[in-house]
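For the sequence shown, the positions run 0 to 940 when our numbering is used.
Bear in mind the hints are in silico, worked out from the structure with no lab data behind them.
Bear in mind the structure is a predicted one, so any value in this text is a computation, not a measurement.
Treat the hints with care, since some could be wrong.
[As the list claims (entries may be wrong)] Here are the simulated lysine-lysine pairs, PhoX-like style, with alpha carbons at most 20 angstroms apart:
id	residue 1	residue 2
1	Lys-438	Lys-383
2	Lys-25	Lys-477
3	Lys-416	Lys-363
4	Lys-140	Lys-224
5	Lys-613	Lys-731
6	Lys-564	Lys-613
7	Lys-622	Lys-649
8	Lys-613	Lys-659
9	Lys-114	Lys-155
10	Lys-844	Lys-780
11	Lys-58	Lys-899
12	Lys-365	Lys-391
13	Lys-899	Lys-844
14	Lys-96	Lys-83
15	Lys-117	Lys-104
16	Lys-277	Lys-366
17	Lys-184	Lys-206
18	Lys-73	Lys-58
19	Lys-683	Lys-104
20	Lys-140	Lys-111
21	Lys-759	Lys-659
22	Lys-753	Lys-683
23	Lys-25	Lys-651
24	Lys-83	Lys-613
25	Lys-391	Lys-336
26	Lys-96	Lys-25
[Said to hold, decoys possible] Between beta-carbon pairs, the in silico distance windows are:
id	residue 1	residue 2	range
27	Arg-729	Arg-137	45 to 55 angstroms
28	Asn-463	Lys-930	48 to 58 angstroms
29	Asn-885	Lys-383	54 to 64 angstroms
30	Tyr-504	Asn-885	32 to 42 angstroms
31	Asp-389	Glu-290	43 to 53 angstroms
32	Glu-369	Gly-858	15 to 25 angstroms
33	Ala-300	Lys-114	44 to 54 angstroms
For every residue, glycine included, the Cβ atom is placed at its ideal position computed from N, Cα and C.
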Amino acid sequence: MYFKYFAFTIVLFAIASFSLSAQEKKSLQVDDFDHWNHLSNEKISPNGMFVAYEINPYKGDGVLKIWGASSGEKTTFQRGGNPKFAPNSAFLAFSIKPQHDSVRKMKLDGVKKDKLPKDSLGIYLTESEKLKKYARVRSFKIPEDDGDWIAWQNEKPLKDKTKKDSTVADSAREKAKKKKQKADKNAPDAYELVVYNPVEDITHRFKNVTEYAFSDNGRLLTFIKQQNDTVLRSAVVTFDTRKQHVDTVFVADGLAKKVEPGIDEQHVAFIHSADTIKARVYSLHYWNGKETIGLVDTLSAEIPEGWTVSEHGRIYFSDNDERLFFGIADAPEPEPKDTLLDEEKVNLDLWSWTDGKLQPEQLKEKKREENRNYLTVYHIPEEKLVQLEDEKLQNVRLTLDGNGDVAYGTDYEPYEKRGSWEMPYYKDVYVVDVITGQKIKVLEEIQSATSISFSGKYINYYNNNDSAWHVYDIQDKKDRNLTGNLDVPFYRVTHDYPNEPSPYYYAGWTKDDDWFLVYDEFDIWQIDPSGRKDPVCLTNEYGRKNNIRFRYRQLDRDAKYIDPKSDLWLTAFDQKTKASGYYITSLGGGENPEKLIMDDYRFYAPRKAKNADKLIWQKASFKDYPDVWYSDMKISEPVKISNTNPQQNKYKWGSVELVKWITSEGTEEEGLLYKPENFDPNKKYPMMVYFYRLYSDRLHAHWTPKPSRSIINTTFYTSNDYIVFIPNIRYKVGYPGESAYNYVSSGTVALLNKYDFIDKDHIGIQGQSWGGYEAAYIITKTDMFAAASAGAPVSNMTSAYGGIRWGSGMSRMFQYEETQSRIGGTLWEKPLHYIENSPVFYAPKVHTPLLMRHNDGDGAVPWYQGIEYFVALRRLNKPVWLLNYNDGAHNERGKTPNRKDLSIRMKQFFDHYLKEEPAPKWMREGIPAVKKGKTMGYELE
């Protein structure tokens, strides 16, 4: 009897404890976002024995952690970030940020930016587990492929406040000295450079260094020293890391910059100008391990007259160090002396129908065009200069990492004007001879994706005319259809835009261009570009048979081609269940790919250790943060390394499930239904409906609690006892608004018919950008929603059609004629379609309270679109509010307070209409302009 009583007591205690634990869980609040963590910068050491990653809260100080595979233990570095392993894994270097609260206090106290604390450098020795710290470090670099060295620049030393001048004379001398310190005010600042070997604890220091760089093999560090007192003088210096030998390879009056070592230690290039004016003319110099040679200047006969080496061009060597690439352009000329006052100047933008690009787009690109330079190559053994790009052919891509004799060029200029209303852009394609500079047009008026094979034997492109992949054989000068005889589509079968469907793209080329790997909807095809061998389905059509989408994943991020002798790593996604994972296969086909792991998670792209068969990868679900896992190449015995948000178990979360319904068009569609934690089917819950386009494939996406950039945070709302529904939307060309209404309303009605736990009188909708337009349109068609929020909506397609995307300067025409807005014609061809799809024309039918957010700095959708809808609804005395975060972008950027404010206001708005909570003061009374910045109006009744 006693035993039964005791057991019964234990059971009751367990039930009570469980119930109490569940009751103690909190709903997420906006202030909780500050402490929610984000994992980033995950790195695996080259030897595969260590993993580093950052964990940072939304607000405050984060940590850097390093995990050791041998010990399974973690070491934590407060405020660490930007981790970089040495090529031999001997050490980890990272930045150490100043304390967030200290910096904030100093800013409040008015401390100037240059007086604020600077980053420090941390160096952690992986074998001895010792940490070394260095204060006030400006930047640091580590060789790419080999070596034990690290180099960094220190910030300017702080002034010693304890030393004071004893006499006025001393003060005068000090001022005179400072006045002489910089002869050329346009020259870059110089800093102390520290070169350090942490393994052997050897240090070298060099003063007055402006820039520095390691060779890939780590054997050479090259840098520029600068003297800038009575006259500007520059020296290019090399440091041999093996011999620890310093050599000055160039010294001259003037400015040297853009120093670039070769792949090995025997090559260095840089530019130099002896000019003392701001508009400097540069020459190109090259050190060959023995002497420094001037290669190119304004007198070089091989470049156009009046041109020279551009300071804005990239300088780099080919992979074999036998070619040096750089940019040339018109030699800059001094600005003429300004003889007019500002009020005497004409300030004009001239829009001309002859322009290829509209003036706003030209103005956006003005700086880039002013710095435009044209790729040129110097063949070092032959001492030969060849210009590869010119004013007509401005985009040239090299092959074989610059070693190839063939390059690929594209010319968009003939079709620039059409780019205002047709998308993607058209282009002509050229083959460029790297030896002679000869350019031959081989493809004309191509709109789809094009590229060149790694070895430069073929130009691959997708042909919209026959929906097939083609190659242009450069040697044979023949065009070849590669996939036309295959009975599977290589274009996107779900395409619902008024333009040509794009292909599923391609995986890449194998070594020597022997095979070209392309995707269909599910599988990967191995294709012989010469046409001699039949195409082979690399995945044996296993994907199509099992509804799994396979895509190739390059594990070696430095690889330039697909290794035909290695296993091919594949990501896999089950389009029916939404499970994902990893498979492997090999070239040749004929066998099903081998499954490594497949589960009900979202698996992220894996990262392989450079010199070991070890991986790090991430997986996530709605409940599980995408933490880092470690394993071998077979995913056997995986180890979870990180635990980013341990506090999550203190908060109510929720669950998600895939739902299906029959649309008003009679087709089956999918959506996602999120339920609160401790869901009770006998209760009535308010429901939020969010949408954009297709979302059901994101079943296992993790919604990290954080302030809104523009949309509701699903986790935040489920934690606060909302149901959230995200339906898929598919479109009929010409009827985007009606399509959105049909899918959203039919999905919502289907849920109401199926589930009694949804409160039909308390349903809200929310969307941003295209979703904002859809929300604005839907409330003109139905009163089923008790409240709506629309971010950056287009409300009037007739005025938006002729508008500008101010972020890029582009015309908005292409959006309506061929892309997202899906009208499929011009305003004058289809005026009724533009009107019928414009919410503002149906404003009298709106009975749903609407909260809009449309910022005056929106670079995608002009904010007058929000204004048009607002003033129309206001004129009709409809409940409407418009949030304009001054100078804010299309989506809120960074970690501005605007994001938390938006989260608060959206939540208060929906809580009022969907939970019948009191309306905040800003909803009841607004915020008068005279109270702007003085009150937020969050107060409830």
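* Is Lys-613 within 20 angstroms of Lys-731, Cα to Cα? -> violated, 48 angstroms
* To do: Would you mind confirming whether the straight-line C-alpha gap from Lys-844 to Lys-780 stays at or under 20 angstroms?
  => holds, 7 angstroms
* Hint says 48 to 58 angstroms; check whether the CB-CB distance for Asn-463 and Lys-930 agrees. => Hint holds: Cβ distance 57 angstroms, inside 48 to 58 angstroms.
* Does 44 to 54 angstroms hold as the CB distance between Ala-300 and Lys-114, or does it fail? -> holds, 52 angstroms
* To do: Given the hint that Lys-140 pairs with Lys-224, test it: the Cα-Cα distance must not exceed 20 angstroms.
  => holds, 17 angstroms
* 20 angstroms Cα cutoff - pair Lys-753, Lys-683 -> holds, 13 angstroms
* Between Lys-365 and Lys-391, is the straight-line Cα distance small enough, at 20 angstroms or below? -> holds, 18 angstroms
* Quickly compare the C-alpha distance for Lys-416 and Lys-363 to 20 angstroms and report which way the hint goes. => holds, 16 angstroms
* Asked: Within 20 angstroms, alpha carbon to alpha carbon, are Lys-114 and Lys-155?
  -> holds, 11 angstroms
* Straight-line alpha-carbon gap Lys-117 to Lys-104, limit 20 angstroms -> Roughly 15 angstroms separates the two Cα atoms, so the pair holds.
* Restraint check for Lys-58 with Lys-899, where alpha carbons must lie at most 20 angstroms apart -> Between Lys-58 and Lys-899 the Cα gap is close to 12 angstroms, so the pair holds against 20 angstroms.
* Taking only the CA atoms, is the gap from Lys-899 to Lys-844 under or equal to 20 angstroms? -> Violated, at roughly 32 angstroms.
The structure does not agree with the numbered hints 2, 5, 8, 13, 18, 19, 20, 25, 26 and 31 stated previously, though it agrees with the rest.
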